[in-house]
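Listed here are the chains, written in short residue letters.
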Amino acid sequence: MTTRRLRLDNTVIVLFALIGVIIIGAVLVSTVGRNFFSDGNIRDILTGMSVLGFVAIGQTLVILCASLDLSVPYVVSLSSLIAAETMQGRQENILWAVILTLLVAAAIGLANGVIVAGLKVNGFIATLGVGLIIKGYLATEYKGTAGSVPWEFQLVGASGLGPVPISTIIMVGLAVLVALFLRKTRTGHHMFAVGGNPAVSRLSGLRTWQPVVVAHVMCSVMAALAGLLLASRLGVGSPTVGSQGGYDLLSIAAVVLGGTLLLGGRGSIWGTIGGVAIFAVLDNVMSVMQVNPFLKDVVRGIVIVAAVAIYTGRAIERRRARFSKDASGSAGTPPVDAEVAR
Amino acid sequence: MNERSIGQSLSRAGLTLVRPRGAVFLLLLVLLVWITVLNPSFAEPGQLMRFIQRVAPVAIVAIGQYFVIVSGEFDLSMGSLVTAQVVIAGNLIGQDDSRSIPVLGFMLLFGALIGLINGLVTTLLRVPSFIVTLGMMLALLGGILFWTGGAATGNPADGFRQIGRGGIRDVPIIDFLPWSALLLAVILAAAIWFSRRPFGKSLIAVGDNVTMARYAGVRVWWVKTSAFILSSLSATVAGVLLVGYAGVHPSVGRGYEFIAITAVVLGGVVLGGGRGWVVAAAAGAFALEALFTLLNFAGVPSTMRDAIQGGIIILAVAYSATTFRARRRRGPLETSPAMGKRPDPTLDPVSPALQDREPAGQRTDNGGI
Amino acid sequence: MRRRANVAIAMVGAAALIALAGCSTDPTVTPPEDTGTPPVINEWFDQAQYDKQFAERGVTPQGPSSQPYLQYINAEMVDTSEFASAGAKKVCFANASISNPWRQTGWITMNQQLKELQASGAISEMETRDAQDNDDTQIADIDYFIEEGNCDVFLISPNSTAAMTPAVERACATGKPVIVFDRGVQTDCPVTFIHPIGGFAWGIDTAEFLIDHLQAGDKVVAFRILPGVDVLEQRWAAAEKLFSEAGIDAVDYFTGADPVKIKQIISDELAKGDVKGIWMDAGDGAVAALEAFEDAGVDYPVITGEDELSFLRKWKETGVTGLAPVYSNFQWRTTLLAVQKIFAGEEVPKEWVLPQDPIFVDELDSYLAKNEGMPGGHYAKFGGEDLVGYPQVWQARVMP
Numbered sequence: 175m176t177t178r179r180l181r182l183d184n185t186v187i188v189l190f191a192l193i194g195v196i197i198i199g200a201v202l203v204s205t206v207g208r209n210f211f212s213d214g215n216i217r218d219i220l221t222g223m224s225v226l227g228f229v230a231i232g233q234t235l236v237i238l239c240a241s242l243d244l245s246v247p248y249v250v251s252l253s254s255l256i257a258a259e260t261m262q263g264r265q266e267n268i269l270w271a272v273i274l275t276l277l278v279a280a281a282i283g284l285a286n287g288v289i290v291a292g293l294k295v296n297g298f299i300a301t302l303g304v305g306l307i308i309k310g311y312l313a314t315e316y317k318g319t320a321g322s323v324p325w326e327f328q329l330v331g332a333s334g335l336g337p338v339p340i341s342t343i344i345m346v347g348l349a350v351l352v353a354l355f356l357r358k359t360r361t362g363h364h365m366f367a368v369g370g371n372p373a374v375s376r377l378s379g380l381r382t383w384q385p386v387v388v389a390h391v392m393c394s395v396m397a398a399l400a401g402l403l404l405a406s407r408l409g410v411g412s413p414t415v416g417s418q419g420g421y422d423l424l425s426i427a428a429v430v431l432g433g434t435l436l437l438g439g440r441g442s443i444w445g446t447i448g449g450v451a452i453f454a455v456l457d458n459v460m461s462v463m464q465v466n467p468f469l470k471d472v473v474r475g476i477v478i479v480a481a482v483a484i485y486t487g488r489a490i491e492r493r494r495a496r497f498s499k500d501a502s503g504s505a506g507t508p509p510v511d512a513e514v515a516r
Numbered sequence: 547m548n549e550r551s552i553g554q555s556l557s558r559a560g561l562t563l564v565r566p567r568g569a570v571f572l573l574l575l576v577l578l579v580w581i582t583v584l585n586p587s588f589a590e591p592g593q594l595m596r597f598i599q600r601v602a603p604v605a606i607v608a609i610g611q612y613f614v615i616v617s618g619e620f621d622l623s624m625g626s627l628v629t630a631q632v633v634i635a636g637n638l639i640g641q642d643d644s645r646s647i648p649v650l651g652f653m654l655l656f657g658a659l660i661g662l663i664n665g666l667v668t669t670l671l672r673v674p675s676f677i678v679t680l681g682m683m684l685a686l687l688g689g690i691l692f693w694t695g696g697a698a699t700g701n702p703a704d705g706f707r708q709i710g711r712g713g714i715r716d717v718p719i720i721d722f723l724p725w726s727a728l729l730l731a732v733i734l735a736a737a738i739w740f741s742r743r744p745f746g747k748s749l750i751a752v753g754d755n756v757t758m759a760r761y762a763g764v765r766v767w768w769v770k771t772s773a774f775i776l777s778s779l780s781a782t783v784a785g786v787l788l789v790g791y792a793g794v795h796p797s798v799g800r801g802y803e804f805i806a807i808t809a810v811v812l813g814g815v816v817l818g819g820g821r822g823w824v825v826a827a828a829a830g831a832f833a834l835e836a837l838f839t840l841l842n843f844a845g846v847p848s849t850m851r852d853a854i855q856g857g858i859i860i861l862a863v864a865y866s867a868t869t870f871r872a873r874r875r876r877g878p879l880e881t882s883p884a885m886g887k888r889p890d891p892t893l894d895p896v897s898p899a900l901q902d903r904e905p906a907g908q909r910t911d912n913g914g915i
Numbered sequence: 152m153r154r155r156a157n158v159a160i161a162m163v164g165a166a167a168l169i170a171l172a173g174c175s176t177d178p179t180v181t182p183p184e185d186t187g188t189p190p191v192i193n194e195w196f197d198q199a200q201y202d203k204q205f206a207e208r209g210v211t212p213q214g215p216s217s218q219p220y221l222q223y224i225n226a227e228m229v230d231t232s233e234f235a236s237a238g239a240k241k242v243c244f245a246n247a248s249i250s251n252p253w254r255q256t257g258w259i260t261m262n263q264q265l266k267e268l269q270a271s272g273a274i275s276e277m278e279t280r281d282a283q284d285n286d287d288t289q290i291a292d293i294d295y296f297i298e299e300g301n302c303d304v305f306l307i308s309p310n311s312t313a314a315m316t317p318a319v320e321r322a323c324a325t326g327k328p329v330i331v332f333d334r335g336v337q338t339d340c341p342v343t344f345i346h347p348i349g350g351f352a353w354g355i356d357t358a359e360f361l362i363d364h365l366q367a368g369d370k371v372v373a374f375r376i377l378p379g380v381d382v383l384e385q386r387w388a389a390a391e392k393l394f395s396e397a398g399i400d401a402v403d404y405f406t407g408a409d410p411v412k413i414k415q416i417i418s419d420e421l422a423k424g425d426v427k428g429i430w431m432d433a434g435d436g437a438v439a440a441l442e443a444f445e446d447a448g449v450d451y452p453v454i455t456g457e458d459e460l461s462f463l464r465k466w467k468e469t470g471v472t473g474l475a476p477v478y479s480n481f482q483w484r485t486t487l488l489a490v491q492k493i494f495a496g497e498e499v500p501k502e503w504v505l506p507q508d509p510i511f512v513d514e515l516d517s518y519l520a521k522n523e524g525m526p527g528g529h530y531a532k533f534g535g536e537d538l539v540g541y542p543q544v545w546q547a548r549v550m551p
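Chains as they are written, first to last, in this note's numbering: chain A, 175 to 516; chain B, 547 to 915; chain C, 152 to 551.
Next comes chain A alone, as it looks inside the complex (with noise of 0.2 Å):
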């Protein structure tokens, strides 16, 4: 019970944090003669949330369950130019070059778990390991943008209802699916409790080894479809687009700032929604202000520990030991840790 309530909490920290973080922009923003809920603004706003919040909902989820994945932005580059080549500027091609991204995307998700869950090694490393690898894969095959995507598979980037771009309703529609996944399945369910104490999770039954290959799994494919988005937007593939976003660090960024714990366990989609769009407001406002460039940088960190801050002040006793141990033995850690401690 407490679990939930205090991802209620969060979440509803959150959305005060971005209410009162949109009425700080209005104001700003007003003072140099914009509205800032004009329709351009607010697309503005919508279509900078679209991207990350692709990969902050994968992020979510693969550190719900105590990893992290720092290989997303080459995922995201690896789908543009994947989905821009296979379609080759034709309309029949899109469906395929679809599937094959997320194809692939799935299968370096998977190498991913495997090598997190199955190898034992910490998410960080791994998935640093699998980004340099995609890195130089991407560095040494591509030359520059390649590709080139039919007229009607950019109309995904390019369009939208009202203010409101296609883009953000996909991604809106599959933050629901997600938090459903959440709530409903099992392997839901097992994610928040592998994140939250591999050992107990052991001692369960769990095959604790399963929710983070499907994390893992799900968070490359989200990141190919933020790379199938902005190959839509840009209309080509891009080697070099993932990270120029910085999605890896960004993305985790958004996930804590949303109050999901990194050290896996508590968290919700929503407050990482809530997360990426704190990041959407802020850099719309500061560009609309012409803040300087380097001076952005520097607002966004201060901002990121900040709010950080706000929540983890509320959260004292529920710290634990960082990222999962070794799980192996972790169920006698408390009479070996009195020995040390001693």
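Read the hints as simulated data drawn from the structure, not as lab findings. Here a beta-carbon is modelled for each residue, glycine too, at the ideal position from N, C-alpha and C. A portion of the hints provided could be inaccurate.
[Stated by the list, open to error] List time: in silico SDA-like cross-link candidates among lysine to any residue, alpha-carbon distance up to 25 Å:
1) C/Lys203 <-> C/Gln213
2) A/Lys317 <-> C/Phe196
3) C/Lys266 <-> A/Met463
4) A/Lys317 <-> C/Ile376
5) C/Lys327 <-> A/Pro337
6) A/Lys317 <-> A/Leu356
7) A/Lys470 <-> B/Asn637
8) C/Lys327 <-> A/Asn209
9) A/Lys317 <-> B/Gly801
10) C/Lys423 <-> B/Ala844
[As the list claims (entries may be wrong)] From the derived model, a few chain C residues whose C-beta atoms are all more than 12 Å from chain B:
11) Val210
12) Glu298
13) Gln337
14) Asp339
15) Val453
16) Asp537
[Claimed, not checked] Listed next, with one range per pair, are the computed distances between beta-carbon atoms:
17) A/Thr361 <-> B/Arg742: 43 to 49 Å
18) C/Lys266 <-> A/Leu354: 53 to 59 Å
19) C/Lys521 <-> A/Thr205: 39 to 45 Å
20) B/Gly651 <-> A/Leu351: 55 to 61 Å
21) B/Ser587 <-> C/Gln337: 46 to 52 Å
22) A/Leu284 <-> B/Asp721: 49 to 55 Å
Given chain A's structure and the hints, the job is docking chains B and C onto it.
Coordinates of chains B and C only, in the frame set by chain A:
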């Protein structure tokens, strides 16, 4: 196993190499031999000194990162701090040698301040260090670039740069002894000393299990904050070396946080804290740089380097993780005598073999409290 | 046992993944690369562009020679009378970034030019959105300007060529003038595209210089910032072709302009054998490159850097055989002057090719004297000596 005299120490050394904790030394050895095969002149003492000079900044950063990681935290702000210190040196010293000492003092203070902020926000405000130092990374780099208009000022005075660039010339045998190699040796020695002091023990205890360490009377906030200060100071020293070695450029230091973490992990230090050996962390830095050197000598296209580096990290860590567990399942056997020399395995909280090693465990642990 | 099997499978998977990355092309397609120097096939090489830029290097530009930023080469002029109108105009500038010294210098010059045009009443204000090197952000920036900017003219410095094309076309569709500079786009809808001669010309100037001063079989180490950026890739494509034809043994490395990496690579190369020449696609690391030779105690190489002052000063101090190719920084002010011309109804070149002359050793002293007191990251041919605030603004280098 022959347990006598010289044979014993030899076999012990051999065992250490194949053991996961020693794997990094084996990896380093293989890489160095491989480089020498490709390019025999590498083994000349002079060339080796140049190699150490090159690795020194990375190894120092890795040593700093070791303290943070072993206490269960991360420091992602190291790269930005290196860049910041390089730029500060370039801007504040300029061409005036007489400013070297005061500016050096300022840089150390600035570094300590950054570490203090990282540490206090992590421990007192309870923000995960991953996030604290990520925010610091963004803010520090943005701030320093804003202040200097993109770090465009030239290099600092040559006198200051000698720390990273120069050394003692005409030394017998090795010909050239770089200051940075000396500095690295001093820092490594200091780090080993720190690790053996109560502070080092507390650090590992805190990384292992915060609650228990707290019950045992460790001032957790101060121990962790000190680790962050050490880490930031090491980034400062690396900055001083790099501004000498390479000069001022906003890309100096870029990615050092990941290189340092990779080096530390290659050295068998466990992310999440509680286990690790600082010498192995430094060896990890050497192995990583040896790998880059090998790829240069082997003429591997520079675009492929990342891929190879990624593969090696995964395999090395997977090797440690799997063989370590396999070994543990087999029981203590030959592991105890050699491993008891290092503080880390005795603190291993998950080893079923610990009861058998009780005396060794007590000896090292009690020092920590 | 089962876990052991899992571990084994996972190990194989990881190894396969590495092998996948290692396998850069379908082995059935690529011939084995074992013989000497195979003919250079660089996919960035474009013979037509190469020939065009080769020729443009020899053309005397039209326009006032005291104002190189207003000169143009082989221009086809377009009529802009449809845009002619009185009054101060609002400029909307979608900038790729100010993340390197070249862009920073240009950005400062542009802002000083802006002040003069504001004072003269040609421009009311310039609203700038900086994409921080991100394609997706720049697309959103352009779309924002189209909808919310109340812009009279769009200035776009594209972050990448192909990806920015759809957004630039949308800007053109508003019917307002669009000016593109630095990197291009794959559409001719902008009123004018302003750029120096180009990357191939850079590659030709530098490679010819090195070939003149070296002999066949000599080794040249080439330092490149990053792959996949057309203006940089074309520099190398041209140079690589010429080196290969002249029998120069050239190896290239990507360094991200990091002087630490540059120095390490040189010391490794020196350990392998002599290095006679250094080629760079941007001058950031030239000083570090020369220092690596000093540290190793060997003779300086022949070097091509850039017109960045840190390199020019090192060149003067050491007396190396050097050349400073130029990617004309003054294009940043040309862009705003083009705005003035377009609204005055004056004709402008459809493709505004600015002169791009390297600095040779006989001009070194004069450029050093002209730029005395400037920071190391300043570019000698920044072309803003007559602007308000010279030289303090460039010396202080406060980013607007």
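Okay, the hints, checked on the actual structure:
1. Under the criterion of a C-alpha separation no larger than 25 Å, the hint pairing C/Lys203 with C/Gln213 is consistent with the structure, at around 17 Å.
2. The hinted pair formed by A/Lys317 and C/Phe196 meets the criterion: a straight-line CA distance of about 12 Å does not exceed 25 Å.
3. Distance check on the hinted pair: C/Lys266 and A/Met463 sit about 19 Å apart at the alpha-carbon level, within 25 Å; holds.
4. At most 25 Å may separate the alpha-carbon atoms for a hinted pair to count; A/Lys317 and C/Ile376 meet this at roughly 13 Å.
5. Straight-line distance between C-alpha atoms of C/Lys327 and A/Pro337 comes to about 23 Å, which keeps the hinted pair within the 25 Å bound.
6. With a CA separation close to 40 Å, the supplied pair A/Lys317 and A/Leu356 exceeds the 25 Å bound.
7. This hinted pair checks out: A/Lys470 and B/Asn637 have alpha carbons roughly 22 Å apart, not beyond 25 Å.
8. Under the criterion of a C-alpha separation no larger than 25 Å, the hint pairing C/Lys327 with A/Asn209 is consistent with the structure, at around 23 Å.
9. Distance hint between A/Lys317 and B/Gly801 is fulfilled; the C-alpha atoms sit about 23 Å from each other, no more than 25 Å.
10. Of the pairs offered as hints, the one joining C/Lys423 and B/Ala844 holds, with about 10 Å between alpha carbons and a cut-off of 25 Å not exceeded.
11. Here C/Val210 stays apart from chain B, with its beta-carbon at least about 33 Å from theirs, past the 12 Å limit.
12. With a least CB separation of 28 Å from chain B, C/Glu298 remains clear of the 12 Å interface cut-off, as annotated.
13. Separation of C/Gln337 from chain B is adequate, the least Cβ-Cβ distance of about 25 Å exceeding the 12 Å criterion.
14. Its beta-carbon lying about 33 Å from the closest one in chain B, C/Asp339 satisfies the requirement of being farther than 12 Å from that chain.
15. With a least beta-carbon separation of about 21 Å from chain B, C/Val453 lies farther than 12 Å from that chain, consistent with its non-interface assignment.
16. Chain B leaves C/Asp537 outside its interface by the beta-carbon criterion, the shortest separation being 22 Å against a cut-off of 12 Å.
17. Remark: the range hint 43 to 49 Å for A/Thr361 to B/Arg742 is upheld by a beta-carbon distance near 47 Å.
18. Hint check: C/Lys266 to A/Leu354, Cβ distance near 57 Å, so the stated range 53 to 59 Å holds.
19. Range check, C/Lys521 to A/Thr205: Cβ separation about 42 Å, and the 39 to 45 Å hint holds.
20. Evaluation of the 55 to 61 Å hint for B/Gly651 and A/Leu351 yields a pass: the beta carbon distance comes to about 57 Å.
21. At about 50 Å, the beta-carbon gap between B/Ser587 and C/Gln337 stays in the expected band of 46 to 52 Å.
22. At roughly 52 Å, the beta-carbon separation of A/Leu284 and B/Asp721 lies within the given 49 to 55 Å, and the hint holds.
Figure legend: structure checked against the earlier numbered hints; the only hint not met is number 6.
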